[in-house]
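J.: Sequence:
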Amino acid sequence: MKWKIKKWVAELISLFIVLLGVTLLSFSLMYIAPGDPARTILQAGGTMPSEEAVQEKRKEMGLDRPFLEQYRSWLWDFAHGDLGVSMIDGRNVSDEVTKALGKSAVLAVTSLAAGVAAALPLGVMSAARKEKMFDRITGFFVFIRLCMPSFLVGIGFLYLFAYRLKLISISGSGGASALILPAATLATGICARMIRQIRTLIYEEMKHPYVDGLRSRGIRETQILFVHILRNAMLPIITMIALSFGELLGGTAITEIIFSWPGIGRLVMTAIGEHDYTIIQGFVVMIALIFFVIYGLTELSYSLFDPRVKKQKEDSQNG
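The sequence shown: position 310 = 310 (the UniProt record's numbering), numbered continuously.
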């Protein structure tokens, strides 16, 4: 028990150090980035500010202080749950980032669920029917989709379903109807990537002797594939799903812009254009925290899908 507590403490300390390093690195990049937020704010009124006005605004925003003093002040506020306010319009960064992340999370979860739901049966059946017609058709879809960037697929979906067929209305409000096309765009990419990997995993798993034993006992092929073989291949699949979710949550900017989805991608792209460093900093830290949570949940899920992992942990604790 004491060993387990020490292990958890060591992991938490390691995560804290990594998070601290992420905040320091991102703050440093924002500090040396080109552009002056104070000048940007003053120029928003359409006039060219004087140098005195710019310096006064920099002092008001605390940008004239040394780097370490600025970083220490920001870190203290962050430890108390305060990510500051926007340098451009004074919006609360925590509220803006949380709201945008919520929208991106809805898009990411929907896309991931649809992509995985399609990839699992297609990947398994492709492995079971390797080099047959079903496998060739699936492989052709994978090849075509991986060759096409997501923005091109999104524009194609918009043209076909929204403009030509008028089946879906794109409002950009973040409603249920506006979710369909961006989710489909991302889901097809996830599906294509996972099919190829799942196919390889299942095919290698089918070579193990226990599969022949199951067949000799008269167990149906579909049960062998989707219950026994798939379960034994779930650990790398779980890792793929977790990494895909993190990638979707932090990397859907182009898709969100194409479909006017009010997610974190649009927010950050706007902040970069306006040199709104507090929003960019808040985004980086929140994404880092989310990846830490995903990492922890992924490691926890290993023991649920594979008892061997749980047994190895127990043996290491007892030893």
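A couple of the hints might just be wrong.
[To be verified] Pair ranges (Cβ atoms, derived):
| no. | residue 1 | residue 2 | range |
| --- | --- | --- | --- |
| 1 | R217 | A10 | 17 to 25 Å |
| 2 | M48 | A113 | 49 to 57 Å |
| 3 | I254 | L15 | 28 to 36 Å |
Hints were generated in silico from the structure; no laboratory data involved. All C-beta atoms, glycine included, are put in the ideal place defined by N, C-alpha and C.
J.: Each hint: holds or not?
T.: Quick rundown of the hints versus the structure:
no. : hint                   : in the structure
1   : R217 - A10: 17 to 25 Å : violated, 45 Å
2   : M48 - A113: 49 to 57 Å : holds, 51 Å
3   : I254 - L15: 28 to 36 Å : holds, 30 Å
Consistency note: the structure conflicts with earlier hint 1 alone.
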